[in-house]
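Peer 1: Sequence:
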Amino acid sequence: MAAGDPDATEAFVARFQRRVFGLAITIVGDPRAAEDVAQEALLRAWRHGAAYDPRRGSVTTWLLAITRNLAIDVMRVRRPLAIAPEELVAMPLRTSHAEPATLAVAHDDAARLHAAVADLPDEQRRAILLAGIGGFSAREVAEAEGIPLGTAKTRIRTAMLRLRAVLVTPDPAE
Numbered sequence: 123m124a125a126g127d128p129d130a131t132e133a134f135v136a137r138f139q140r141r142v143f144g145l146a147i148t149i150v151g152d153p154r155a156a157e158d159v160a161q162e163a164l165l166r167a168w169r170h171g172a173a174y175d176p177r178r179g180s181v182t183t184w185l186l187a188i189t190r191n192l193a194i195d196v197m198r199v200r201r202p203l204a205i206a207p208e209e210l211v212a213m214p215l216r217t218s219h220a221e222p223a224t225l226a227v228a229h230d231d232a233a234r235l236h237a238a239v240a241d242l243p244d245e246q247r248r249a250i251l252l253a254g255i256g257g258f259s260a261r262e263v264a265e266a267e268g269i270p271l272g273t274a275k276t277r278i279r280t281a282m283l284r285l286r287a288v289l290v291t292p293d294p295a296e
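Letter 70 of the sequence shown, counting from 1, is numbered 192 in our numbering, and no numbers are missing.
The set of hints was computed from the structure by calculation and includes no laboratory data. Since we're looking at a predicted model, the values are computed, not measured. Ideal placement from N, C-alpha and C gives every residue a C-beta, glycine not left out. Treat each hint with caution, since some may be false.
[Claimed, not checked] What follows is a list of derived Cβ distance ranges for each label pair:
no., residue 1, residue 2, range
1, A173, A133, 17 to 27 Å
2, I269, Y174, 41 to 51 Å
3, P222, W168, 44 to 54 Å
4, V181, P243, 22 to 32 Å
5, A173, T224, 18 to 28 Å
6, S259, P128, 30 to 40 Å
7, D175, K275, 18 to 28 Å
Whole structure, please, built from the sequences with the hints as guidance.
Peer 2: Okay, structure coming up:
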């Protein structure tokens, strides 16, 4: 890729574009901004391919670190805007034949989830969205965030516990 081989570049982009965009959208929360971050990350990888050192980690780790840093830079500029996954509330329900009451409850549940996720600290919100929506493993979350594996696991677990505390209503029979 660093040598300017268009086929290698196309293969590189095809291989990593979804993960790069997925990380960017998870951090910035805006599809247009995430596209810009992803494009810039892939462009930087293209321009600075010679700087990649395989002894320091995989290509994926290197590329996701570039993406993470760019996305955080975007968030610093947009600091007043919280990462709010509006898509959770707007997602269509899988059962289109559900009763109106069921749909209303599901919508209320989605709104409660949206609010609970928005209330999480930034680090926990990113970790739980990467894991829960992005499908990242704890190791991949650690790589994407540039943190130790144990820290990633703790952030995911703490976020899940906080969400459970807010979202799960205790059974009065217990």
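Peer 1: Hints first: check each against the structure and report whether it holds.
Peer 2: Taking the hints in turn, this is what the structure says about them:
For the pair A173 and A133, the supplied restraint of 17 to 27 Å holds, since their beta-carbon distance comes to about 20 Å. Checking the proposed 41 to 51 Å range against I269 and Y174 shows it is violated: the Cβ atoms sit about 21 Å from each other. One distance hint, 44 to 54 Å for the beta-carbon pair P222 and W168, holds here, with the actual separation near 52 Å. Between V181 and P243 the C-beta distance comes to about 30 Å, which sits within the given range of 22 to 32 Å.
At roughly 54 Å, the beta-carbon separation of A173 and T224 lies outside the given 18 to 28 Å, and the hint is violated. The hint said 30 to 40 Å for the Cβ distance between S259 and P128, and at roughly 33 Å that hint holds. About 27 Å separates the C-beta atoms of D175 and K275, a value consistent with the hinted range of 18 to 28 Å.
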